[in-house]
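Asker: Residue strings, one per chain:
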Amino acid sequence: MDFDVSEDRRMLADSLNRFLADRYGIEHRNSVAYDAPYHDPDRWSEMVELGVLHALVPEEAGGFGGTGFDITVVFEALGRALNPEPVLAALISARLLVAAGRDVEDLVTGTSRYAAALSEPDAPYEVEDIATEATADGDGWRLSGRKSVVYGGHLADRFLVSARHGDGIGLFAVNADAARVTPYGMIDGGGAAEVFLDSAPAELLMTDAVAAIGDALDAGALALCAEAVGAMDVTRDTLLDYLRQRKQFGRTIGSFQALQHRAVELAAEIEQARSITILAASRLGGDGGSRTVSMAKNLVGRTARLVSEETIQMHGGIAMTWEYSASHYAKRLVMLDHQLGDTDHHLERVMAAYAA
Amino acid sequence: MDFDVSEDRRMLADSLNRFLADRYGIEHRNSVAYDAPYHDPDRWSEMVELGVLHALVPEEAGGFGGTGFDITVVFEALGRALNPEPVLAALISARLLVAAGRDVEDLVTGTSRYAAALSEPDAPYEVEDIATEATADGDGWRLSGRKSVVYGGHLADRFLVSARHGDGIGLFAVNADAARVTPYGMIDGGGAAEVFLDSAPAELLMTDAVAAIGDALDAGALALCAEAVGAMDVTRDTLLDYLRQRKQFGRTIGSFQALQHRAVELAAEIEQARSITILAASRLGGDGGSRTVSMAKNLVGRTARLVSEETIQMHGGIAMTWEYSASHYAKRLVMLDHQLGDTDHHLERVMAAYAA
Amino acid sequence: MDLSFSPEEVAFRDEVRAFLRDELPAELSDKVRRGAELTKADMERWHAILNGRGWLAATWPEEHGGPGWSPVQRHIFDEEAALASAPRIVPFGLHMLGPVLIRFGTEEQKAQVLPRILDGSDWWCQGYSEPGAGSDLASLKARAVRDGDEYVINGQKTWTTLGQHANKIFCLLRTSTEGKPQEGISFVLVDLDTPGIEMRPIKLIEGGHEVNEVFFTDVRVPVANLVGEENKGWTIAKFLLTHERTNIAGVGFSVQAFEQLRALAGRMRRNGKRLIDNPLFAARMAKVEIDLEAMKITNLRMLSDARKNGAPGPESSMLKIKGTEIRQELNDLARRALGPAAAPFPAEMLEGNEALVPADHARNAERYFNNRKITIFGGSNEIQKNILTKAMLEL
Amino acid sequence: MDLSFSPEEVAFRDEVRAFLRDELPAELSDKVRRGAELTKADMERWHAILNGRGWLAATWPEEHGGPGWSPVQRHIFDEEAALASAPRIVPFGLHMLGPVLIRFGTEEQKAQVLPRILDGSDWWCQGYSEPGAGSDLASLKARAVRDGDEYVINGQKTWTTLGQHANKIFCLLRTSTEGKPQEGISFVLVDLDTPGIEMRPIKLIEGGHEVNEVFFTDVRVPVANLVGEENKGWTIAKFLLTHERTNIAGVGFSVQAFEQLRALAGRMRRNGKRLIDNPLFAARMAKVEIDLEAMKITNLRMLSDARKNGAPGPESSMLKIKGTEIRQELNDLARRALGPAAAPFPAEMLEGNEALVPADHARNAERYFNNRKITIFGGSNEIQKNILTKAMLEL
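Residue numbers (full-length UniProt numbering), protein chains in the order written: chain L, 1 to 356; chain U, 1 to 356; chain D, 1 to 395; chain S, 1 to 395.
Hints listed in this document are in silico derivations from the structure and should not be mistaken for laboratory results. One or more hints might be untrue.
[Said to hold, decoys possible] Quick list of the computed label-pair ranges, beta carbon to beta carbon:
id: 1; chain 1: S; residue 1: 165; chain 2: L; residue 2: 7; range: 52 to 62 Å
id: 2; chain 1: U; residue 1: 18; chain 2: D; residue 2: 307; range: 21 to 31 Å
id: 3; chain 1: U; residue 1: 25; chain 2: D; residue 2: 53; range: 51 to 61 Å
id: 4; chain 1: D; residue 1: 308; chain 2: U; residue 2: 166; range: 32 to 42 Å
Note that the Cβ used here is the ideal one computed from N, Cα and C, for glycine as well.
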């Protein structure tokens, strides 16, 4: 048993953390995150050069990572810096493309930008219960339907779209210019898009894509857990600093026992969230991997809400302001639960094992 | 709008509280509650003379009460004193007998003792999903089945038993000597019994008893809520006294802010529990009465557990001991949730309205 | 024990309902339902309508232009107004300064200030908190130094809600540094047109502009603007904190939020079913519905006590704590119910051709974040717990 | 990062499993599974079996008769023992006094005391708490006054677990009233046969006899029974509180409790379905299963840190807090699962002709109440939070 991060991964984490601290600090982050196009092309290129995307793809597909721990190392760093760039879209897309036997060279080098368009208004977290329809059209296919809140969709050249055909759920590729794309910014920063498909020409990548989509969403959910752990560590440190420094009633507020106990409870829960994320990373793609990812997404979702709400409350008014960085961490920590399945969605996946 | 208790009810409450304080104090209570027959016949007669049972029955049936507020006044007093006598069995039985058009004179005067035998091992809280079967036998009926944890069953002369017949769920009366009755004591004091019916001769009271049983159980659940409110008031006062007096680290433990905040949260929740019990009492038997009782039983169940656990924790070791009265209140407050439907059972009844 | 309204109260409720049906402009109630931002003109319009009916200053005695309502009538009005999605009353002049002047002001101050609050001539805002004095108001530093028959004010105030609309501000200012910190504080009225005042917006977590900072540099106001005695402003501050405020439990807001949540959960879908049919979500909804039903009664019980005993006790702290917890839980559930659609910025969701969610739900995430304030502002819930502790443990 | 056990660790786990399969008497594991009370003879029997294998004193170094296990090996043993429903080790001699003597005792004390702990000749109990000194141990009053080469002991100790089985007690006693309260405390070994000692049972909330009060009246013990220096007992007390205790998170207990809960919820019925198919109940189970899965890793992470950094830090407080919360939640769910059948006194349920519930579940309500102690004893969770506060806020 060994809880140390491997040397390679530690080096990646160090250089990524350094890059983000130096070149993508919170002020720059906020200026990018809340204004169209919610993206800094130069910094993004630098991140790609650092190997952020290569780390998410296995060697045999041209990357140098792709395991659970590769994903968590990258996303923990992104979470610490609250980075708004579309790395999650790249992770999920790469995983889908590799499963479909496609080349991901253009993706990992940043030449093409993909976004996975899976979620729908009436099926926000579901893989199979979707309405988008695929119809064969000569050699190709045409898709009709609406994909909702597609993260990274505001920047994508190409969408990977799930749709039902006669025999189940398939995965298709659609060029961005074949769809009507309405981009928008998010309350917690970064961008996404609505994708309207009206008989859009599409290329079939996989006929039965349920397992591949499930695996890609597991990887995505794990990434979100790691992102949250990174953001929670920073948030806790901000809170503890504030408790040490802020004075009210002639004492530091950290000397009030009611706040002390709440702060240490919060810190203990963050350690639990870190632990379950480590476990999920170790099992990703293996036995019980999917259920463990759901465990992690549930516990992280619960903890992130607690950390967000308690951090604002214990700060008082200051953390309610845009100017104070903790407010942006708090938003991200809450809104993470709206991506790729919320705490209830994942709890139900964990409960499913009891029905047997 | 008027939140004052009426003069009549206040007088009953005063005399009952005084009687219980003087003649049924905690030491006497413990000596009765934990040893067979879990009953003090003399004190019981005095309670009956005070009008405890009359207050539970409407005038037209020979009592002088029977409304929601009559029930809460009596049971709040019983809860304050942690009284182990089978008043709840009398309430539910009286309500069933009145619904069946039977005379309750012998019940309210204490001449006969009834217990409602409704719960079963595989249907602990359910009215309809029962296994006990009734078969017609000449003019009468015979019942076979097992009724489980029948409160007051250790003392009953006669059982009111629910059983399925060809056309639904009926209510039957069975003499105690026609059943095999295994009495036992309860972890929170008082007694109950297993009732085994092996082709036991029975009298049919109602052919379709579902509504009447539902109403009687509503009355019973309301009574338990009021009992809990009484017990919680005493428990909170015990806790606050302890916080004021107990010293550790050279200060009263009530001066520690972490405990202060928990104590006031607990007090606020008790007020909420009192409020919902008042609301349920006002609606008992009327529009939305059943759903409101379920709201009350759920909230009281949640609160009672909180009060019990927090009281023990904030006391430390002393409230873990048999000798200290709060430990007995804590047990009763938790075990109340095991009677007549637990918090989940009642929450599901509240949720049922959303399905419409 | 009788939980029903008296015939007079029922009649009053019907009167309020009829008034709201007839007089509340649909443009305003639509905005409230959607959680959209109300303009200054919107708020002034609603105040004027209420003032026309004599119902604007619910907490004032009749001789000063109040309606002379009992606490139960006030409760009925608040609940009906919330159910009808009426705008809330801007409280600074009406529920805060008004009662203060009625209790502590000179006859001249009452005569000058109160009518202008009613008719909308003045919009008051509050200068209490400072960057270094939030929960601990007694440590405030902004000072007023006497110079002849003027005070010279220097310092900074913050969290001044809707200050951008105001032309007047009432302030707590330090007039003495001797004795206990509470002892040197005075309550002073200031005209925002006075030279030396600068108001700057504070952008809040969700992006809105609701509160402000106010900077005072050598601002001169007449000594006649002092309310009560010099150095006795703490008494007024405490009066305001424990004063029986209308609707501290926010029951009306919560009732409205619950109805909206129920509609939303009946519309959103998960796994091919309505969200409201999902047992985990429905269980949370049911729990908060139960808490809210209990809160309604707790609120009425405490109103009833207040009617009998005069001053409200520490119970108002209990109402604040539980009431805000319930509101925040409702905001949380509405946010969750939206799923991914909660995340896009509302303006962008609504302005696109296809709305992601119905307009009246678009702002649920915004509202969730904005309403984190309700457990912080106006005496944080921690401060309320300290107040309750003092009362309950007789410390 | 590698969460799997090394080949050596896997081999060790297999060895432990085989040992438990072959050597753990079924009568003992049955009792543990049922939550039945173990007799003194039961506990001694299991100690003797472990001692025969050299595995009894898991925390002792090899030279004193310990197995020389790494923290991970200890963890493996604890988890396997819990899964096999082995009795727990009585900790007072083995996990508390033993390590204290090894660290602070004289050679003579070690030679005299340690072998008798291993072979079961002595049963030690603990004299720490007093009626007026629970969480605040430093305020203890029971005193030892030097008289020649004897101490004369007077006072009272309480919460002495399993004292009814013991023939020896180690005590914290006041030997000086000068300086800070912590400074005048000494750690002294006492033979319970010494005249002047009376032990009285304390009946606990659920009716069991597990703890005792001990009264000392002019009890004379040799000064040679002092461990460490006079007036330096506080160092030893702190050593014990923060000493890396085996299994402070109680993961093994929780794993066992979860498996029992799962079986129970698969058997109990509500509304014609298995309780485990009820979404509200299943959701609670799933949450605690998740918390427990996380706890296992947290425990291993902190063991791994401890292996690297030597002394365990405040993390052991975290393990205590979360570990006990999880255990109590499991106890709560098992109690709820039983429904009305939880309420009859277990002895009566089992002795009747027809059991209400399977024997291994009868004691769930009892266990729930009894286990309220785990967040109180051994440094209450509040004390643990104070310890964590000091470490995290660097106070």
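Asker: Take the hints in turn and mark each one as holding or not.
Answerer: Hint-by-hint comparison with the structure:
no.: 1; hint: 165/S <-> 7/L: 52 to 62 Å; result: holds, 53 Å
no.: 2; hint: 18/U <-> 307/D: 21 to 31 Å; result: holds, 30 Å
no.: 3; hint: 25/U <-> 53/D: 51 to 61 Å; result: holds, 59 Å
no.: 4; hint: 308/D <-> 166/U: 32 to 42 Å; result: violated, 58 Å
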